Structure formats: C-alpha cells, structure tokens
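As they're listed, the protein sequences go chains Y and A.
For the first sequence, counting from 1, position 152 maps to 152 in our numbering; every step adds exactly one.
For the second sequence, counting from 1, position 51 maps to 51 in our numbering; every step adds exactly one.
Source of the hints: derived by calculation from the structure; they are not laboratory data.
Please read these numbers as outputs of a predicted model, since none were measured by experiment.
Errors might be hidden in some of the hints.
Stated by the list, open to error - Partner residues aside, some chain A positions facing chain Y, computed with beta carbon under 10 Å:
no., residue
1, V4
2, K14
3, A48
4, T49
5, V96
Stated by the list, open to error - Coverage of chain A stretches by chain Y, computed from C-beta distances (three or more under 8 Å per stretch; other residues unrestricted):
no., region
6, 37-43
7, 52-64
8, 137-148
To be verified - Some chain A residues flagged as far from chain Y (calculated, every beta-carbon gap over 12 Å):
no., residue
9, E10
10, G21
11, K30
12, D34
13, D97
14, Q106
15, H110
16, I121
17, K130
18, I131
The C-beta atom is built at its ideal place from N, Cα and C for all residues, glycine as well.
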Amino acid sequence: MMLNLRPEEDKELREILTSIADESKSKIVLLIDKSGQLISRSESPAFSSDDVTFASLTAGNVAASEALSKLLGDKSLNHMFTETEDEGIYMIVIAEKYILVSIFDKVSTNLGIIRVKIKKYYDRLEGLMKRIEERAEKESSMPADINIEDIDLDTLFE
Amino acid sequence: MPFVNFATREINCKIVYYGPGLSGKTTNIKWIYDHIKPENKGEMITLATETERTLFFDFVPIEVSNVKGFKVRFHLYTTPGQIIYQASRKLILKGVDGIVFVADSQEERHDANLDTLDDMIENLEDYDIKIENIPLVFQYNKRDLPNVLPVEVLRRDLNRWNRPDFEAVASKGFGVLETFKEITRQVLKKLKK
Ligand SMILES: Nc1nc2c(ncn2[C@@H]2O[C@H](COP(=O)(O)OP(=O)(O)OP(=O)(O)O)[C@@H](O)[C@H]2O)c(=O)[nH]1
Ligand SMILES: [Mg+2]
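One chain only, chain A, in its complex shape:
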C-alpha cells in the first residue's frame, strides 16, 4: 500500500525481492545500495545468520526527488529464501507494492524456483492480492554458471504472466539496475492510475 503525504510531499512504496534460498536477492539490493549516491539512501539493515543467509529481511531505503520537489521513497526488502522461514516471508509481503522474483538459473535449483513461486502466490492470496494485479518482474540470475537452464525454459515455467524479465549476474552487477528500474517504473505507473 503506497503512502502519500501531501504536507511533506512524499510518496512511499514497498518493493520486495522474493525467490528461493541463495538465488541472489541480498546480492541484488546490496549492489543497489553500494551504487546509490549517499544523499539518496538511508541506512541498510541486514538481519542475517552468521553464514550470511537472510534470517528475517534486508532493508534498503532509497529517496528520489523530482523537479517539483516531490519525493518518492522506495523501500526495498528481501525475503529469506530458506524453506524454514515461510512464516517470515509472509510477514514481509504485508503492504507490498511491487515484487522482483529472483530465480536461480541453475538446473538443480529449478524445483526450488517453482516451489517458491507457489509459496509467493499463496502468501499474496492471504493478503487478497492477485498476482495478475501487482507490479512484478522476473530475474533469471546466475547466468555465469555452467549448468544453467535456457532462458526460454525459465520463462515458460516461471513467467506465466508475460511480465518483463531479465537475465542477470547479480554478483557482478549485470542486470541488477535494469530489474530495479523496471519494477520502479511499474510501481509508479500503477500509482498514477
């Protein structure tokens, strides 16, 4: 649910990076955080285990102003991909305005992609959100690895709604910005309606 304050001229939107464990969600928003100008970002929060697996969520607040002095705040969150954290994933989706589904392109992770997508759809339904109606982007990550599935297969199995999708190597920053720009574009467009 976006929040607009006419007095301070601010709009807040929540974007969630969802996907199976180790698919690169944290890597995506960490890269964004590291490349944003200091004046456009707040503090990044990482709630992770000692082995750097996301335990609850990561959070990056981003601010952008337009010429007329309106400020848009994007709050980026990642979910914890590991199966055991199902309950936490659902909590983070509360009030979501846009979703980036980060899939792991490796063949052996494809079942995990599919299961996580099902889990996401179910969680959205619990909040009365239909996947058809929410801004959504797919990212096929880890394209640098040898055992990846062809993009056509990933697209057919995951992107059943024909949403914009991108190949990525998040650890090198490839595809990260394109994905982020597309989801923000969709969220802003929906806001305008």
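Same shape as in the complex, but just chain Y:
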C-alpha cells in the first residue's frame, strides 16, 4: 500500500500537531512513520534542524528499542523518552505504524505537560490516520500531473 495525503488531510494533521506543540510549549511536534519518513510537522518555524534526518534517526531509535523490548519478552513499546542537558525528546507510537515526537526545552515545559497534551489529542490523531489509510487504500494515489519521465537525475550532480 502507498500512503498519501490529500491537501485537506495535510491541513488537519498540521492543525492537530500545531495545537499539541502550542499547548505543550514544545519546540516542534513531528509525525513520522516507522520506516523513517516524515509525514507532517507542527508550524514551528523556529525549529531549524534537518527534520528529514531527524525523522530517520527517530525511527531507527524506536525500532531498536522495540526490538529490545521484544527480546525482553515485552509485547510492545508504546513510548520512550531521551534527553540532553537542555532538551527532552518524547516519542509515542500512534496507530501502531506512526511515531509522534515532541522536542522541547526543559526550561519552558516538562514531560508531564507534554504527555497530558498529547493524550488530549491522541484519539483524534489516531482516528485521522486510520481514516487516511482507509481512503488511501481505496484509491490509486499517483497524481495525474506528475510525469516520472521528466525527473532528471543528471541535474542532481555537479
């Protein structure tokens, strides 16, 4: 199956992620899939790190921790937390396939607040992702106006 987002779905996702980010005072909230692709992010212009690379590392991190918890006999891993001196990174699995990530400054907020705010939107977010999946499954997703042939890889290289 190929996941795809319609503009109205993209908008709704962004709204939810932005609400979580604003209310929890996160620096940014990202939604990624477990294979490492960035699906959506909150409107957080101040966050300047490379979000694509961030998504890939987060997925790797969660995948490794999930494998570890399986090894220990635990069925599933639901969430995890890592921190640096100044920042916290909280990751929680949504609808089994996705990971919601909050990056926050430890002076502006704390893990408790982050978790409460995510909880508030959790069902809505999960419901939305399931709706998107169901719709995507039903329809072919390649846009008619994208012509694969005119993607010129030679322009990539110096």
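Starting from the structure of chain Y, add chain A with the ligands where the hints point.
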C-alpha cells in the same frame, strides 16, 4: 512504502543498499552524497563503529524536483554487513521501496555474498515482500582487485532474477552513479503503476 503528500507535492521513497560486510555499501552512498549539489541534499548520518564499520545504518536524503514542481525525495540507507548485526538489518528494510545489492567480487567473499543474499530474502519475506516484486539492482564491486570472480559467475550465482547489474569500483566512483540511476528509475516506474 512510498509516501505521497499532495499538499506539499512531495513523494518519498526508501532505497536500501544491502550486502556483506566491507562490500562497499557505505562507500557507494558516501560517493553519491559527496557529488550531489548542496541544494539537493540534506544531512548525511553515519552510525558507525570506531573502525568505520556500519553499526546501524548510514542515511542520505536526496531531493529532486521536476518542472511541474513535484518533489521526489530518495532516502538512501545502508545496512550493516557484519553477521552479528542481523537484527538491525531487518529493521532497516522496513518500508523499503528498492534495493541495491552490493556484492564483493573477490573470490574469498563469495560465500559471504551468498549468505547475505539468503538473509535478505528471508528478511523481506518477514515483511511479506517477494524479491520478484521489488525494484532490485546488483552491483559487483571491487573490480579493481586481483582475485575477483568473473562477472558471469557472480551473475549466475547472485542475480537469479535477471535484474540489471553493474560492475563497480566504488572507491573510485566507477559504477556508482549507474547503479543509483537504475534503482531510482525502477522505483519511479513502479510508483507510476
Ligand atoms: N579496492 C577497493 N576497495 C573498495 C572498493 N569499494 C570500497 N572499498 C573499500 O572497502 C572498505 C569497506 O568499504 P565500506 O563501504 O565501509 O563497506 P560496507 O559495505 O559499508 O561495510 P559494513 O559497513 O561493515 O557492512 C573500505 O576501506 C573501502 O575504501 C572498491 O571498489 N575497490
Ligand atoms: Mg557500511
């Protein structure tokens, strides 16, 4: 699993470089990274041991836009080839859209090529992917070394599905681009179907 966002007009695809330890997977994607224009690439991530063996994965994000403003993102990953990292290799295959199998052409590494191919097929099956159905390219690397097997032998033993294959000297960049272009071509073609 490719991901298409109609709002931002982006398509994401995941390409994995698989192969035995020291076959040149990291060398391939490092070369690509070093030769791509700055505006077309993000940050490269390398999770390696102190001796530069891949520990978990390498990652290179590449972006290319077409004239109509659609953006395709290729996410290149390498797996760790060493036998002990079997569990990690499987994790990286999750959601894969295309595979480059980088074989080591040296005679003494041929068993490692074969074992790694078996391991790959098994891991794909665990994700319900049949090797017949996934975009796949073979690369016979290290052609500059003296003790290499003839290409016909490598092809017969590894490329049992008659996929496009290339000879390479990745450390000098020979064959790297051809391999990359072929896998992206296959992935895009499949996307269109
Ligand atoms: N002679 C020669 N050496 C090569 C070639 N390609 C890569 N190498 C060298 O082989 C060694 C291993 O290359 P890597 O790219 O790190 O191998 P890898 O497949 O990523 O290895 P793992 O991460 O352990 O799985 C390095 O010293 C490279 O410089 C080649 O075509 N010819
Ligand atoms: Mg490597």
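How the hints compare with the structure:
For V4/A, the interface hint holds, since its Cβ comes within 10 Å of a Cβ in chain Y; the closest pair sits about 4 Å apart. A distance limit of 10 Å between C-beta atoms decides the matter here; for K14/A the minimum to chain Y is near 6 Å, and the interface restraint holds. About 13 Å separates the beta-carbon of A48/A from the nearest beta-carbon of chain Y, more than 10 Å, and the hint is not met. Interface restraint check: T49/A against chain Y, minimum CB-CB distance 15 Å, threshold 10 Å, status violated.
Taking 10 Å as the C-beta contact cut-off toward chain Y, the hint placing V96/A at the interface holds, the least distance being around 8 Å. As drawn, the region 37-43 of chain A meets chain Y at 4 residues by the rule of a beta-carbon pair under 8 Å; at three or more, the given contact holds. Coverage of the region 52-64 of chain A by chain Y holds in this model, with 6 residues showing a Cβ closer than 8 Å to a Cβ of that chain against a need of three. With 0 residues having a beta carbon nearer than 8 Å to a beta carbon of chain Y, the region 137-148 of chain A misses the requirement of three or more and the stated coverage is violated.
Not every CB of chain Y lies more than 12 Å from the CB of E10/A, the least distance being 9 Å, so the non-interface label is violated. Once the 12 Å rule is applied to beta carbons, G21/A is consistent with being away from chain Y; the minimum gap is 19 Å. The beta carbon of K30/A is kept farther than 12 Å from every beta carbon of chain Y, the shortest such distance being approximately 14 Å. Not every Cβ of chain Y is farther than 12 Å from the Cβ of D34/A; the closest lies at roughly 9 Å, contradicting the non-interface assignment.
Some Cβ of chain Y comes within 12 Å of the Cβ of D97/A; the nearest lies about 9 Å off, and the non-interface call is violated. No Cβ of chain Y comes within 12 Å of the Cβ of Q106/A; the nearest lies about 29 Å off, and the non-interface call holds. Every beta carbon of chain Y lies more than 12 Å from that of H110/A, the smallest distance being close to 30 Å; the non-interface claim holds. No Cβ of chain Y comes within 12 Å of the Cβ of I121/A; the nearest lies about 19 Å off, and the non-interface call holds.
Residue-level check passed: K130/A sits 15 Å from the nearest beta carbon of chain Y, beyond 12 Å. Against chain Y, the non-interface label of I131/A holds: every CB pair exceeds 12 Å, the least being about 18 Å.
The structure fails to meet hints 3, 4, 8, 9, 12 and 13 from the earlier list, while all remaining hints are met.
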